[in-house]
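Whole structure, please, built from the sequences with the hints as guidance.
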Amino acid sequence: MKLSRIGIALLLLFLIGAAIFAGFLVKQEQKYKTGDFVSKGYHLVSLIALMPLQEFTGDQKDYFFRTLTEYTTTEGFHYLLIHDPAGRDLISLIPGGFEALIPTDVRAAALFTSGLIHQKFKVSGSSDIYYEFAKPIFRGGKKAGVVRLGMRFPAISIFSLERLSLLAIMVFFIFGGLIFGYYGVFLALSPLRNLSRDLKEAFADLPIDSPAQKSGKIVPIIENIERTITHMGDKIRRVEMDNVDLISKLGVTTFEKAQIVNIIDSINFGIVITDLQDHLVHVNDYMLKLLNRKRADLIDRSVEEMIADEDLNAFVAQPERGIKAGTRRYIEKTFPEVAPNEIYRVTLAYLVGLDNAPSGKMIFFQNMTAETYAQKTQQEFIAHVAHELQTPLTNIKLYSEMLMQGEVKDIETQKEFYNVINEQTIRLTTLIRNLLNLSKMEMGSLVLNRGLVKTDWFVEDCLMSIEGTAIEKNIAIERNLPDSFPTLLADKELLKTAIINILSNAVKYTPRGGRITFSISEGDGMVLFDIIDNGYGIAEKDLSRIFEKFFRSEEDRIVQQSGSGLGLAITADIVHLHGGEIHVTSTVGKGSHFTIRIPREEYHLGKS
Amino acid sequence: MERAKRTVLVIDDEAHIRRIVELKMKNAGYEVVTANNGEEGYRIILGDTPDVVVTDINMPKMDGKTLCEKTDGLKAERSFLTVIITARILPDEQAWVSTMRDTVFMEKPFSPARLLDLIDQYFGLSR
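Protein chains in written order, with this note's numbering: chain A, 1 to 608; chain B, 609 to 735.
Treat each hint with caution, since some may be false.
[Stated by the list, open to error] Heads up, incomplete: computed chain B residues facing chain A, CB under 8 Å, no partners named:
id	residue
1	E622
2	H624
3	R651
4	G655
5	G681
6	A684
7	K716
8	A721
Because the hints were derived from the structure by calculation, they are not lab data.
Every residue, glycine too, gets a C-beta built ideally from N, C-alpha and C.
Here it is as structure tokens:
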């Protein structure tokens, strides 16, 4: 619709232009022809005025007029009037009735002219333009008459053949120019036809019309380009704003990353972060120390290049398949090349990015040596205690069942059986007491119940508990006691437990017929208890460990004897709780010498 | 009595167990031989194969497991019952016991009367 209006306007403009141009051409021709026409008229009237027409014979006159009309009709010859000086017609060659149409002022001006003149006039009822050329005729210096030559100015038509040809040529060139111009522009702009489509493809959110792609019309394309430019301008502003936002976010992220790296580096276990190709991205300080490597030497290397261990590599290389992101698995390993005596728990965690896609792995190396040792020790402790409890319990059950079922008829044997049950009960009780004491010591809740300990009675109490077994094994007990027994401020029951533990060991590990010496002495403000036996002795390698919990020598003669491995550990603890010391010297095959030193304290009544 | 013709070998490093098992078996009419450790027990088995072996697991010189494995082959020629007395039996030990010929186990603390019943049943005797 819009296009057709523009077309009509253009066409009108073209027509007006053509008309103006044609008018201009006609005007120009008129001007040129008028000059020529007037010049011809002058020449012709001057020539006629020179002719002695009054003297021509009838034939000459006819010939002259015929020739004049023949050759000048095409030039517009219309009439010829020759007047005498009085204004009477001498020769009148004029279409009938035309003379009356000539304006009277034209006739008057012609009759009275003294020179060559021309006048332009129109006659009523016609649009033709006439020119009258007049010149006086002189004979013998006198005015002999006037020649009036009337000529019709040839009509100049826009639609004359030559003009139409010219117009046709013009139109041809104009249209040709337009067509060539249009197609030239069209071809030149043809890449623009795809511009909209290309823009639409590149920026889906662009507010442009899709139909413009196919029409190939310039206007919608330009409109689309305009919209695109506006849109791109908006977009650029938005991007600039986003950019500022991103820069500030990047700053925060960089700071946060640095903080995270600091945290990872300060953690007390190894952390290794890898990318999707299992290449190292970060190795924390703990791990670097463990590996004794520099970070720069490890980054971008594979896990295998960090620690060459098949199990570790297989573990790390496992895909996430079947494992939910964020879950962990672990293996426990010793890496002989890195730390031969340490056990590490290697845990794998899968890292995911913001889009929940895997982004790498985090490998933790946690030193589990102490935990593993503690766990093992605990398991051994439980097994050991269970065995130690079960042995006396089994014996009690065996002996009591035999008695109950009347398997023992002899009274003496029955007594002996009861004794065994009693002994085993004591063994069980001692074991349980030792365990309780140990537990209390470990928890720090063992409180010394200090009181006055008179060593004379105390010694007898201790010895009494081992005398039965000693007599059975024919072991002699020597007492090496002072005249004046020192008095101690101590927890009597605990101290007794400590000393009985040493004495029991002496009896246990001294062969039949052996000898045990028990002595008390004083020195340097300490009370000394010395227990010396001539038993199996303690191997040198075991000496430093005999006070460890659950330690038992692997020597055959020791293994054969029942024991919890707790006695000496508890003894040492009790002695230390009293502020004392315990010391041992021993030679295999010759015997052992234990010395317990307890600080002597004066006991004053009323003092707690 | 048929028991009198049968010999029970008791192998244990714990004197109390040896004594009670010996007494219980003797009172029931079995003949009893004792050994302090696995090695001594193994020698006795090789010398004069008993009808029943009652053995501990943890013993010096040769443990009960080794003893069982070493004597298992002998049972192809002359069968005898092995009773393992043990503190506790783990699942894999239980599986191991099932691979040994004529071998059963009893957990501590055990009843001498139950042990006698078990041996009597093996011989098809009942009280």
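Structure-based check of all given hints:
1. E622: Holds, because the Cβ-Cβ distance from E622 (chain B) to chain A comes to roughly 7 Å (cut-off 8 Å).
2. H624: Nearest chain A Cβ about 5 Å off; hint holds.
3. R651: violated, 18 Å
4. G655: violated, 24 Å
5. G681: violated, 29 Å
6. A684: violated, 33 Å
7. K716: Interface hint status for K716 (chain B): holds (5 Å vs cutoff 8 Å).
8. A721: It holds, given that the least Cβ distance between A721 (chain B) and chain A is near 6 Å, below 8 Å.
Hint compliance for this structure: hints 3, 4, 5, 6 are broken, all remaining hints hold.
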